[in-house]
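Protein sequence lines correspond, in order, to chains A and B. Residue numbers for the first sequence, in numbering that gives the first Met the number 0: 0 to 221. Residue numbers for the second sequence, in numbering that gives the first Met the number 0: 0 to 265.
Because the hints were derived from the structure by calculation, they are not lab data. Please note: incorrect hints may appear among the correct ones.
To be verified - List of simulated lysine-lysine pairs, DSSO-like, C-alpha gap at most 27 Å:
| no. | chain 1 | residue 1 | chain 2 | residue 2 |
| --- | --- | --- | --- | --- |
| 1 | A | Lys37 | B | Lys157 |
| 2 | A | Lys220 | A | Lys188 |
| 3 | A | Lys5 | B | Lys251 |
| 4 | A | Lys37 | A | Lys191 |
Keep in mind the model is a prediction, meaning the values are calculated, not measured.
The primary structure of each chain is shown beneath.
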Amino acid sequence: MHPLLKIESLCFTYTTPAAPVFRELNLSVDEGELVLIKGGSGTGKSTLLRLVCRLLPYQEGRILFRGRSIESVVPAELRRAIVYVAQIPSMTEASVRDNLLLPFSFAVNHDMVQPSEKKLEQMLEQFYLTDVALNHQARNMSVGQQQRIALMRALLLDPEILLLDEPTSALDEKSSSMIFSIIERLSAKEGKTILMVTHSNFTPQDVSPRSYVLENRKLRKV
Amino acid sequence: MSSVVEISLWQLMLGLVFILIAQVASFVYHLGLNRDITVGTIRTFAQLFLMGYALTFIFQLNSVWFTLGIFAVMAVSASFIIRGRVKEKQVPYMVPTFATMFISYFVTALFVSGLIIGVSPWWEPRYFLPIGGMVIGNSMSALAIALERLFREMRQQKGQIEMKLCLGANYKEASSEMFKNAVSAGMIPSINAMMGVGLVFIPGMMSGQILAGADPLQAIRYQIVIMLMLVGSTATTSIVSILIVRKRCFGKGEELLLSIGDKVDQ
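Could you put the whole structure together from the sequences, leaning on the hints where they help?
Structure representation (structure tokens):
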């Protein structure tokens, strides 16, 4: 049985400046696992997630999704299965509803059923966004609210792996704890596979994550 | 039809009075343009005289290959001018741009001189080269505007493009807004020119024909054909070039290759 995601001997170097970010990096993520990656600024945490969803091409090693090299999967199909939520949420200049339904306008997602208004409203509640209406302008929301909308939008695609890039980095304590409790629920109750990089001290009660520190261009288990 | 009133050399020199006015203005108001005005004047004389002799020679030679050769030189020069205006280092755009320009301009000039005006042979340099020149000159500016806009917007909207890619969009879906904006930016000047022509300005080619003694009703027909031709050629060159160049902005994994400055997120 293949792990859901396997990273083998990954090497990556940015061309400018030409400094290696990873050398022989290995990681394996099983279905339903919550994996946390910590590390100082500039150690390459975001880069690792961007490599997994092919926002960056790697030079050496392999990244396998369900035993298949990610390079052999059609990019749009890969990114519907492995959804990356960026550190700074990006919204289009439209309502919350249009932002949430945006992925359903893309050809690769045409086989998916668009969620009903009722479902979207229920989700807003689950994401502590009771004061937000679906017709509100998404860009007028606070960063914390936008981060939760971005997370909702990703989950509507029911991805196999969720890649979360410092989801609480720009948030106050209250918003951060909301995000963390959502992530904990997604992992513990819904069995979502999550690979998350974070600076913050995330210690969930209902699930025991596997944690790593990214240092000296490699992952060290903690 | 009246014949052309010839301009003698000393009458031509009288035209320098206008330059003198500009030089005095620059001097009095410290505009710092005296050198540029002088160089510009010398270049205008030199380049146009050279062109006059060259065209006389080409018209006398009346060779298809020579005419096409001159056309190719014009297209190559245009693509170098575009390179000077569009400062883009990460995405190679010169080859597709030149290929699109050459093919599209050639087809347009061929269509106009051979079919609409009905010149025989179709490459008759007296018609083919000025028409080709007008297509190249106008579409070149359109293309430079469109390319510059595409690269600028793709960089500014990198977050939006990547957000869409991460939700399953293919590269075309993720950059459809930037594509539309770039192509329209390139096409708007030639469409606006159609709105203002005859009301706000008398186009140079038509003025030239009238001054050369042509019937104004014939001159406007030529001008109408030229205006339509310019809209068509700017549309085709902008759309085809931007389609090809946009594809080149993305890598094998449909990742956006354009980075903002040298800094890369870690």
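Enumerated hints in conflict with the structure, sorted upward: none
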